[in-house]
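Asks: For reference, the chains in residue letters:
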Amino acid sequence: GAVVSQHPSRVICKSGTSVKIECRSLDFQATTMFWYRQFPKQSLMLMATSNEGSKATYEQGVEKDKFLINHASLTLSTLTVTSAHPEDSSFYICSAPGRSYNEQFFGPGTRLTVL
Amino acid sequence: AQRVTQPEKLLSVFKGAPVELKCNYSYSGSPELFWYVQYSRQRLQLLLRHISRESIKGFTADLNKGETSFHLKKPFAQEEDSAMYYCALFTGGGNKLTFGTGTQLKVEL
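Here the protein sequences come in this chain order: G and V.
Counting the first sequence from 1 gives a position; the numbering used here is that position plus 50.
Counting the second sequence from 1 gives a position; the numbering used here is that position plus 21.
So here's chain G without its partners, still in its complex pose (with noise of 0.2 Å):
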């Protein structure tokens, strides 16, 4: 099956410094992938939409200065998250669709910790 890779799997930083999440597609193309926010024992909430060779859709209420997105290629997405600070300490995931148009694939998650 497709399978989605996520590096790093975890990261510490000190508060002010940016932080890059790379997400990859390792045996399909994906042309549009997607960036997910986990709070502890919460959902998954999408925070934006990586289209390859246009710019990232974001939802509501995320910063787009603060988690830039680019998708350089049809297997490689990376979120940046820019003068990270505590409250970003998170979960994120990342996915992208498969042949089926809704079935996504999941990568296993970067847990981001903000000092």
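Hints listed in this document are in silico derivations from the structure and should not be mistaken for laboratory results.
One thing to keep in mind: the hints can contain errors.
To be verified - Derived DSS-like pairs: lysine-lysine, alpha-carbon spacing no greater than 27 Å straight-line: (1) G:K105 to V:K127; (2) G:K91 to V:K30; (3) V:K78 to G:K91; (4) G:K91 to V:K117; (5) V:K127 to G:K91.
Using the hints provided, position chain V relative to the given structure of chain G.
Replies: Frame of chain G; chain V shown alone:
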């Protein structure tokens, strides 16, 4: 706006007992619903979708448009069913999934 509601945060049942995880949705269009499962220390993965009308690992779910529900059921719970279950609504515009808050299923021996 679309919404998915899972009223139970935690559901604890004994092995062999029936399981029903509740899911209700709100959506003005024609709904496409899914159940995703997340086992401990594993990634989220698709369990089943209403369109397929399939049974996966003994689980079934029927879409009831009248009650706007998509409850997940299994007649006899197994220990390996312990996991976090998310109900999700697919909306064609933007190909987005809207997730419920999830239900932690704990199957006790």
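Asks: Hint check: K105 of chain G vs K127 of chain V, CA-CA at most 27 Å. Holds or violated?
Replies: violated (42 Å)
Asks: Are K78 of chain V and K91 of chain G close enough, with their CA atoms no more than 27 Å apart?
Replies: Holds, because 24 Å separates the two Cα atoms, which is no more than 27 Å.
Asks: Can you confirm whether the C-alpha distance between K91 of chain G and K117 of chain V stays at or below 27 Å?
Replies: Given that 27 Å is the threshold and the Cα spacing comes to 21 Å, the pair holds.
Asks: Tell me if the straight-line CA distance from K91 of chain G to K30 of chain V falls inside 27 Å.
Replies: Holds - the C-alpha atoms of K30 of chain V and K91 of chain G are around 9 Å apart, at most 27 Å.
Asks: For the pair supplied as a hint, K127 of chain V and K91 of chain G, confirm whether the alpha-carbon distance does not exceed 27 Å.
Replies: holds (14 Å)
Of the numbered hints listed earlier, the single one contradicted by the structure is hint 1.
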